[in-house]
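A.B. asks: All chains should be built: construct the whole structure from the sequences, respecting the hints.
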Amino acid sequence: MPSPLRHPAALQGLAVLIALGLVIGPLGPLLWAVLRGDAITQLSEPRVALVFWRSVWMAALSAGLAVAVGLPLAILAYRTRIWGAELLAMLMPLTLLLPPLLMAQGWNGLTGWDGLWASVFVLGMCYAPLPALLASRALRTQSAAAHETALMLGGRKLALREMVRTARPAVILGASLAFLFAITDFAVPDYMAALGETFGVYPGHVYTHFRDDDYWSGARAAAPLVLLCGLVLYLGLWARDHWGAEEVGSERQAQSMDWGRQTALTSLIGWSLLSLTLLAPLVRIVYELGVAGPEAPGTWSTRASESVQAALDRGREDIGRSFRNGAMAGGLALLLAPALAHLLVRTKGWCGRSIMTLTALPLLAPGVGYGMGAISFANRPGWSNFYQGTGLVVLVFAGRFLPIAVFLLAERFRSVPRSRDDAAVLHGLSYPRRLIQVFVAPQASAWLLAATLVVVFAVRELDLAILLPGANQSAAVRYFNALHFARDGFVAAFGLLIAILLFLPVMAYAAWTSLCRRDD
Amino acid sequence: MTNLALDLRELHCSFGDRQVLHNVALQLEAGDRVAITGRSGHGKTTLLRVLAGLQDADQGELKLHGRIAMQGGQSTLAAWERSLQLVFQDLGLWPTRTVAQHLMDALAAQGIRGAKAKQRSAETLKALSIAELFDRKPSRLSGGEARRVALARALVSRPQLLLLDEPFASLDAESRADGFALLEQVLAESNAAVVLVTHDHEEAKQLNGRILQLNEEGQLR
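Listed in order, the protein sequences are those of chains A and B.
Residue numbering for the first sequence follows our numbering, starting at 1 and increasing by one per position.
Residue numbering for the second sequence follows our numbering, starting at 1 and increasing by one per position.
Heads up, a few of these hints could be off.
[Said to hold, decoys possible] Quick list of the computed label-pair ranges, beta carbon to beta carbon:
{"id": "1", "chain 1": "A", "residue 1": "83", "chain 2": "B", "residue 2": "200", "range": "48 to 58 Å"}
{"id": "2", "chain 1": "A", "residue 1": "149", "chain 2": "B", "residue 2": "122", "range": "23 to 33 Å"}
{"id": "3", "chain 1": "A", "residue 1": "433", "chain 2": "B", "residue 2": "169", "range": "28 to 38 Å"}
{"id": "4", "chain 1": "B", "residue 1": "205", "chain 2": "A", "residue 2": "415", "range": "32 to 42 Å"}
{"id": "5", "chain 1": "B", "residue 1": "122", "chain 2": "A", "residue 2": "164", "range": "53 to 63 Å"}
[Unchecked claim] Here are a few chain B residues that sit away from chain A, every Cβ distance over 10 Å (derived from the structure):
{"id": "6", "residue": "32"}
{"id": "7", "residue": "40"}
{"id": "8", "residue": "72"}
{"id": "9", "residue": "84"}
{"id": "10", "residue": "86"}
{"id": "11", "residue": "89"}
{"id": "12", "residue": "97"}
{"id": "13", "residue": "98"}
{"id": "14", "residue": "100"}
{"id": "15", "residue": "176"}
{"id": "16", "residue": "199"}
{"id": "17", "residue": "200"}
{"id": "18", "residue": "210"}
{"id": "19", "residue": "220"}
Because the hints were derived from the structure by calculation, they are not lab data.
Note that the Cβ used here is the ideal one computed from N, Cα and C, for glycine as well.
C.D. replies: Shown next as structure tokens:
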């Protein structure tokens, strides 16, 4: 009798059920509020509508800024010969790993900017790597024939235009994602408003309602944001599918374009863009390690060393706890993501886009909404150990960041030739074996990267860490509290320590894959 | 009445508004060979995928050795239960598996494991003159070697129907002749029916069987 394990339905069904539990458990009331039409009724109140539309245009501006910086950065780093292009490409995504609050701290320290416009700028810089990364993947698929023809017909100008055309669908999706992350961010606008001109954003409105201890009130308040985020992501995916064209011609990959005598200028532009998104705020935070008034004792380096020591002494345990919780969430994602990613890859058209949007919901919903949903689900008599313990934290972090792992793997699985999977079906391989042999094993590094990203995002998550009792004693909460109470060397050192620890696994991965490529 | 190796009737298949296969019928007895020619995009690969059970159709009935495999265009017999194999145009080799593991995976699905599977794999590789590739992974194979491995994987489970999707399309004339000589040699030892699809009439002739054409309307003539 044929084994039921040969059919994908059983394993995919199980993975979908667990993933749905992680979505519906915390987000059920929130989704119900959307379906009931609360998104519309909420916005009928002029004050609420004002805050909502302010958030919309702020996030739209941030997304525009992210594209304006991200697209040229991707072209320069991945498809042109500039000085240090490989290093530029390796450093570019790191901004996404940093807590946005750290970027806000760095930029505020550098420029003194605060208020609404500073918030727009910082969020734009924080999320510029999203369009850049998606554009870089698209640019790598451009065929050599198409690129070389453009070069011969119209020189660098036409070649650049063709690169932009190739990257356009991916950039639109990247802009949509930048918009989503910007509009649901609460920490940066809250910090910038505390420093300067006061202004409110919609996630703040949602947070206030959730603080009223009435989950339904919070769910109703979050409804417009969830609906808008779902729509924007669906449209972004539609744009990618609709405008994205498969490259035809030679299978040869297009080479990097030479800038000739303009190499120095373009290199300067490339590194300046990376300074905007990463280097400048980080350098400022390094400077803040030992900055003090003229009467302060010691030199910059002695004060910096004391700050680092203080950060290590006072923050070690919190950082350890954050990484432990993150690692467990990453482990869960390792198990669930492959089957879900395979399901996504095999489902096409509107159905595929809808599944993708649903999968992304935990990431799209405001963090505070997801956290409050989890609390209202788990805070009940007899569950106190679970409610206050690590179990809930791991499940909530895994649920919120599972979409990152699923989307990354789905993107890689798409590049696997259909015939490999068909051959496995024809030979009757069981579904788990097929999944591992055809998809996971050849993409093992992506599989590990997906789990690493879940760990990293769980460690940098602030909203959930503030809300969940089991996650209160974490690196993100300590940093948030320290920054709001003081602006001293400890804050800078602790922020920098978090940044380095978040960078390390991803940098190690990048170095490893780079070495593997050279060995090949 | 003898059971046909393949009995396909009234197959209709479309993608959206575009009809790719229109009222296609095909009957083969054990040992029969048929080459189907047609231009790119005329549904040759789709026909093979439907026969293999990798894709449903809009309409059509299919029997394989008397067993109903498709009714009303819907597959009723899973791909791995059809006693057939398909050699894909791009081969579909698994990058992390060695040549031997490719063959042993195919045998394991039939319940043949261990020393017996290893022995059968070695025999098949020897028959295809690639015994020395036993432990190699696909990335270490030349184009011609990879084709032989794909053929070996398809043949090791001794299928009753072999489907070939432009198996020698990208080869020069000499290598293609070698490929057909090899195919001839392995088919001589089996009674498998063969369906080969190609856009090249010369390749179709080299199979030494019937030649049919899939025309623009998706009809088989």
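A.B. asks: Next, verify each hint and record whether it holds.
C.D. replies: Structure-based check of each hint:
1. For the pair residue 83 of chain A and residue 200 of chain B, the supplied restraint of 48 to 58 Å holds, since their beta-carbon distance comes to about 49 Å.
2. The given range of 23 to 33 Å is broken by residue 149 of chain A and residue 122 of chain B, whose C-beta atoms sit roughly 49 Å from each other.
3. As the Cβ distance of residue 433 of chain A to residue 169 of chain B is approximately 30 Å, the hint placing it in 28 to 38 Å holds.
4. Between residue 205 of chain B and residue 415 of chain A the beta carbon distance is about 36 Å. The supplied range of 32 to 42 Å therefore holds.
5. One distance hint, 53 to 63 Å for the beta-carbon pair residue 122 of chain B and residue 164 of chain A, holds here, with the actual separation near 54 Å.
6. Remark: the non-interface label on residue 32 of chain B is consistent with the geometry, its nearest Cβ contact in chain A lying 21 Å away (cut-off 10 Å).
7. With a least CB separation of 12 Å from chain A, residue 40 of chain B remains clear of the 10 Å interface cut-off, as annotated.
8. Listed as outside the interface, residue 72 of chain B is consistent with that label: its C-beta sits roughly 20 Å from the nearest C-beta of chain A, beyond the 10 Å cut-off.
9. For residue 84 of chain B, the non-interface assignment is contradicted: its Cβ lies about 8 Å from the closest Cβ of chain A, within the 10 Å cut-off.
10. With a least CB separation of 6 Å from chain A, residue 86 of chain B falls inside the 10 Å interface cut-off, contrary to its annotation.
11. Taking the minimum C-beta to C-beta distance to chain A, about 7 Å, the non-interface status of residue 89 of chain B is violated against the 10 Å cut.
12. Annotated as non-interface, residue 97 of chain B brings its C-beta within 10 Å of a C-beta of chain A; the closest such distance is 7 Å.
13. Separation of residue 98 of chain B from chain A is adequate, the least Cβ-Cβ distance of about 12 Å exceeding the 10 Å criterion.
14. Even its closest Cβ contact with chain A, about 14 Å, leaves residue 100 of chain B beyond 10 Å, as expected for a residue assigned away from the interface.
15. No Cβ of chain A comes within 10 Å of the Cβ of residue 176 of chain B; the nearest lies about 20 Å off, and the non-interface call holds.
16. Listed as outside the interface, residue 199 of chain B is consistent with that label: its C-beta sits roughly 17 Å from the nearest C-beta of chain A, beyond the 10 Å cut-off.
17. Listed as outside the interface, residue 200 of chain B is consistent with that label: its C-beta sits roughly 20 Å from the nearest C-beta of chain A, beyond the 10 Å cut-off.
18. Here residue 210 of chain B stays apart from chain A, with its beta-carbon at least about 24 Å from theirs, past the 10 Å limit.
19. Annotated as non-interface, residue 220 of chain B keeps its C-beta farther than 10 Å from every C-beta of chain A; the closest such distance is 22 Å.
Checked against the numbered hints above, the structure violates hints 2, 9, 10, 11 and 12; every other hint is satisfied.
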